[in-house]
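Student: If you're matching them up, the sequences are chains Z and B in order. Mapping of the first sequence onto the numbering used here: residues 1 to 400, in sequence order. Mapping of the second sequence onto the numbering used here: residues 1 to 265, in sequence order.
Some hints here could point you the wrong way.
Derived, one-sided and incomplete: chain B residues facing chain Z with beta-carbon distance under 8 Å [to be verified]:
| # | residue |
| --- | --- |
| 1 | Asp56 |
| 2 | Asn104 |
| 3 | Ile111 |
| 4 | Glu112 |
| 5 | Tyr131 |
| 6 | Glu135 |
| 7 | Glu138 |
| 8 | Phe152 |
| 9 | Thr157 |
Listed next, the in silico BS3-like pairs over lysine-lysine satisfying Cα-Cα at most 27 Å (straight line) [said to hold, decoys possible]:
| # | chain 1 | residue 1 | chain 2 | residue 2 |
| --- | --- | --- | --- | --- |
| 10 | B | Lys12 | B | Lys42 |
| 11 | Z | Lys169 | B | Lys242 |
| 12 | Z | Lys38 | B | Lys160 |
| 13 | Z | Lys271 | Z | Lys323 |
| 14 | Z | Lys169 | B | Lys75 |
| 15 | B | Lys16 | B | Lys221 |
| 16 | B | Lys119 | B | Lys75 |
| 17 | Z | Lys108 | B | Lys160 |
| 18 | Z | Lys271 | B | Lys119 |
Ranges between beta-carbon positions, derived for each pair [to be verified]:
| # | chain 1 | residue 1 | chain 2 | residue 2 | range |
| --- | --- | --- | --- | --- | --- |
| 19 | B | Gly110 | Z | Gly254 | 39 to 49 Å |
| 20 | Z | Asp5 | B | Ala145 | 34 to 44 Å |
| 21 | B | Glu69 | Z | Asn188 | 25 to 35 Å |
Keep in mind that the hints were calculated from the coordinates and are not lab data. The structure displayed is predicted, hence computed values, not measured ones. The beta-carbon is built from N, C-alpha and C at its ideal position, and this holds for glycine as well.
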Amino acid sequence: MQLYDMPDERGHFGPYGGIFVSETLVEALEELRLMYEKYRHDTEFLAEFAHDLKHFVGRPSPIYHAKRWSDKVGGAQIYLKREDLNHTGAHKVNNTVGQALLAKRMCKPRVIAETGAGQHGVATATIAARLGLECVVYMGSEDIKRQAPNVYRMKLLGATVVPVESGSKTLKDALNEAMRDWVTNIENTFYIIGTVAGPHPYPMMVRDFQAVIGVEAKIQMNEIVGRQPDAVLACVGGGSNAMGIFYPYINEAGVKLIGVEAAGHGIETGKHAAPLTANSAVGVLHGNRTYLMQDEDGQIIETHSVSAGLDYPGVGPEHAWLKDIKRAEYVAITDDDAMAAFHSLCRTEGIIPALESSHALAYAEKLAKTMSPEQIILVNLSGRGDKDMNTVAQLSGITL
Amino acid sequence: MSRIQTTFATLKQSGKKALIPFITAGDPHPDQTVAMLHGLVKAGADLIELGVPFSDPMADGPVIQRASERALVHKVGLRHVLAMVKEFRQQDDKTPIILMGYANPIEAMGIEKFANAAKDAGIDGMLTVDYPPEESIEFNAMLKARVIDPVFLLSPTTDKARVDIIVNQASGFIYYVSLKGVTGSKNLDIIEVADRVASIRSQTNLPIGVGFGVRDSETAKAVASVADAVVVGSRMVQEVEKSNSDNVVANLMALTAELRAAIDA
Numbered sequence: 001m002q003l004y005d006m007p008d009e010r011g012h013f014g015p016y017g018g019i020f021v022s023e024t025l026v027e028a029l030e031e032l033r034l035m036y037e038k039y040r041h042d043t044e045f046l047a048e049f050a051h052d053l054k055h056f057v058g059r060p061s062p063i064y065h066a067k068r069w070s071d072k073v074g075g076a077q078i079y080l081k082r083e084d085l086n087h088t089g090a091h092k093v094n095n096t097v098g099q100a101l102l103a104k105r106m107c108k109p110r111v112i113a114e115t116g117a118g119q120h121g122v123a124t125a126t127i128a129a130r131l132g133l134e135c136v137v138y139m140g141s142e143d144i145k146r147q148a149p150n151v152y153r154m155k156l157l158g159a160t161v162v163p164v165e166s167g168s169k170t171l172k173d174a175l176n177e178a179m180r181d182w183v184t185n186i187e188n189t190f191y192i193i194g195t196v197a198g199p200h201p202y203p204m205m206v207r208d209f210q211a212v213i214g215v216e217a218k219i220q221m222n223e224i225v226g227r228q229p230d231a232v233l234a235c236v237g238g239g240s241n242a243m244g245i246f247y248p249y250i251n252e253a254g255v256k257l258i259g260v261e262a263a264g265h266g267i268e269t270g271k272h273a274a275p276l277t278a279n280s281a282v283g284v285l286h287g288n289r290t291y292l293m294q295d296e297d298g299q300i301i302e303t304h305s306v307s308a309g310l311d312y313p314g315v316g317p318e319h320a321w322l323k324d325i326k327r328a329e330y331v332a333i334t335d336d337d338a339m340a341a342f343h344s345l346c347r348t349e350g351i352i353p354a355l356e357s358s359h360a361l362a363y364a365e366k367l368a369k370t371m372s373p374e375q376i377i378l379v380n381l382s383g384r385g386d387k388d389m390n391t392v393a394q395l396s397g398i399t400l
Numbered sequence: 001m002s003r004i005q006t007t008f009a010t011l012k013q014s015g016k017k018a019l020i021p022f023i024t025a026g027d028p029h030p031d032q033t034v035a036m037l038h039g040l041v042k043a044g045a046d047l048i049e050l051g052v053p054f055s056d057p058m059a060d061g062p063v064i065q066r067a068s069e070r071a072l073v074h075k076v077g078l079r080h081v082l083a084m085v086k087e088f089r090q091q092d093d094k095t096p097i098i099l100m101g102y103a104n105p106i107e108a109m110g111i112e113k114f115a116n117a118a119k120d121a122g123i124d125g126m127l128t129v130d131y132p133p134e135e136s137i138e139f140n141a142m143l144k145a146r147v148i149d150p151v152f153l154l155s156p157t158t159d160k161a162r163v164d165i166i167v168n169q170a171s172g173f174i175y176y177v178s179l180k181g182v183t184g185s186k187n188l189d190i191i192e193v194a195d196r197v198a199s200i201r202s203q204t205n206l207p208i209g210v211g212f213g214v215r216d217s218e219t220a221k222a223v224a225s226v227a228d229a230v231v232v233g234s235r236m237v238q239e240v241e242k243s244n245s246d247n248v249v250a251n252l253m254a255l256t257a258e259l260r261a262a263i264d265a
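This is chain Z alone, in the form it adopts within the complex (with noise of 0.2 Å):
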C-alpha cells in the first residue's frame, strides 16, 4: 500500500479542502500556513505541546475493557479510548492547546472559536484562561438554549460568549461569525477552529493535534492486547475526534476505520446531519470543497441531531477523501439508537458518555453482535456525558 500523505501544499485531499475564502482572509491564512510549518516539527514546540498534554490536559488518556458492556451486547470485546476524562471532559482540548500555543508564538493576544455543543467553547476558554489570553466565543442561540451549563463555564473562564442570531442560530452560523469577526481583527486575533474543516491549513493543523489519540491508542493496544483492534469506532460531525483516531492508523490496512454520522430522526426524513452516509452534493462552505446538505439551489439546509456537536451539515473534507478511496466507511446512527446506547454504557460500566459519542457507541453494538468474542473494536468515547443532562432528563419527560 502506498503511504499516505495528505494533504497537498494548498490543503486539497484528493478534490475536497482547498482555501476557499474571499481575498481579505488570504493573507492571514498564508501567514498562519507559514507559521504552522515552521512550528509542525519544531522539537521545542512539540515537547512544551507535549508537556501540557501530560501535565494540564491529564494525558495520556485510559483505554478501558468495556468488558461487561461488551458481555451485554455479545459477540466482539468493546474498549474504550477515554477521551471524556480529559481536562474539560472532551478531546477538544487537544487541539486547543496546540492552536493556543501557535497564537502565543504569534504574538496574537486574542484568540476567538465557533462553538456548537459548547465543548470546544470551553476547551478554549479554558486555555486562553491559562495563557492570559482574551477570549470571544461564538455561540448559535439555538445551541445557547440547548448547552446552558457549558455557557456558565465560558463564562466562568473569563470568556465572552456571543449568542448568534442569523441563520439556523447553529454551529455553522457561529462558525460565520467568528470568520467574519477574524478578518476584522486579524492582527491582533488567532481564530481556534474546533474542527477539521475551514481552509487551509486548519483541517491538516486540526488533525495533526487531534492524532495523539490514535499514536497513544496504537501504543496502549499493543499493550493492553498485544495487538490492533479489527475496527476502530468514532462519531463524526465535523470530524476532529475522528480524524485524531484515525489518522495514525490508516496505513494499517488490517484496521477497519468506521466513522458515525448522526442520522437524526433518521436519513429518509431528510432530518438529519449526516451528508457522507446519506451521499449528499458536493460543494463549497466554510472555506473548503466537501459533501455538503444542500438544497437544489446549493443553500445549505438546517440540519438536525439529538447532539449538538453533530449538528453541523459539512464535513471535513480528510473524512470525504477517506469515503472516496474507500478508506473508512461512514455510517449513521438515529437519535434514538444513541440515546439507547447512552443508557446502557452508564448502567453496564458507569460511564456516562456525550451524546456526540454515544453515536459511535450505538453503532459499536450493532457492529460487535456481527463479530467473535476474539475480535476487538476500538470507540473513541470523545467526551463525557455531564452537559447533556438537561437534555437527556427533557427526554425522558423529567425538569431538573
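Add chain B to chain Z, keeping to what the hints say.
Tutor: Then chain B, alone, in the frame of chain Z:
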C-alpha cells in the same frame, strides 16, 4: 470588447467615474428586482452589482446578510437571479451587470451550466467571493470564453506578488476592498486608499473600483477622486431595508442620484 470594458472606456473618454450600486436580488421581493435595476440605471448607475442570495454569506456584514435572508424567504436562488437579469436585458442591453455571490450555488448548478446560463441571461461579470484565483482557473477560463469578466477583490492585506497573480486572472475591472473586515464596516481612510490604488495602478491597466465602506456622498466623492469606480453596497441595501414596497424604487433612485451628483461634482 465586453460591456464592462466598453462602459469604462466610454466613461474615461468623457472624464467621468463609474458609479456601481449593489443590491441583493430578491430583496425585498423578487417581483421588484427588475424595476429596481432599471431605476438604478435611470438615476445614474453605470454598472450594477447584483447579489446572489446565499444561506451562509461569510464575507458579508449584517446588513447584506439580512438582505440575503429576506430574499431567501422567497426562495430566490441563482436560477431566479439569472431569469431576472434576462428580463432586465429585454429593455437594457447597455448597462453591465456583475453578479456577486458565493461558490456553492454555482457549483450546485454546475460551473459550465452556469457559465452558459449567465451568457444567455446577459451577465457581464462574476465576482465569486470565495473563489480565490488559485481555486478557480477552470471557471475563469469558461467565463472569459463567453465574454464574461471574472472580477476579483484585492484587500489592504494583499501583497504585491499576489496582486500580480490576481490581476493576471481578472478582467473587466479590479475591486479594491477599502478596509479590513466584512462589507459595511467602519469608515474608510481615503489617504490610505489613494496610496493603495496608486500602487495597484502600477501593476495593472484594469480600471479600479473601490468599495466596502462608502456610506455617503462625501466618501463617494472622495473615492471617485482616486479610483475609476465607486461601489456602494451596504448603504444601498440599508435604503432597501428602511423602505416599503411602494417607495423602494423611488428611494433607491433618490440615493443613487445623490451619489451620482457627488461623484460628478
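Student: For each hint, tell me whether it holds in the structure or not.
Tutor: We went through each hint and held it up to the structure:
no.: 1; hint: Asp56; result: holds (5 Å)
no.: 2; hint: Asn104; result: holds (4 Å)
no.: 3; hint: Ile111; result: violated (11 Å)
no.: 4; hint: Glu112; result: violated (15 Å)
no.: 5; hint: Tyr131; result: holds (7 Å)
no.: 6; hint: Glu135; result: holds (6 Å)
no.: 7; hint: Glu138; result: violated (12 Å)
no.: 8; hint: Phe152; result: holds (7 Å)
no.: 9; hint: Thr157; result: holds (4 Å)
no.: 10; hint: Lys12(B) <-> Lys42(B); result: holds (20 Å)
no.: 11; hint: Lys169(Z) <-> Lys242(B); result: holds (24 Å)
no.: 12; hint: Lys38(Z) <-> Lys160(B); result: holds (23 Å)
no.: 13; hint: Lys271(Z) <-> Lys323(Z); result: holds (22 Å)
no.: 14; hint: Lys169(Z) <-> Lys75(B); result: holds (19 Å)
no.: 15; hint: Lys16(B) <-> Lys221(B); result: holds (12 Å)
no.: 16; hint: Lys119(B) <-> Lys75(B); result: holds (23 Å)
no.: 17; hint: Lys108(Z) <-> Lys160(B); result: holds (25 Å)
no.: 18; hint: Lys271(Z) <-> Lys119(B); result: violated (37 Å)
no.: 19; hint: Gly110(B) <-> Gly254(Z): 39 to 49 Å; result: holds (40 Å)
no.: 20; hint: Asp5(Z) <-> Ala145(B): 34 to 44 Å; result: holds (35 Å)
no.: 21; hint: Glu69(B) <-> Asn188(Z): 25 to 35 Å; result: holds (30 Å)
Taken one by one, the earlier hints fail for this structure at numbers 3, 4, 7 and 18, listed in ascending order.
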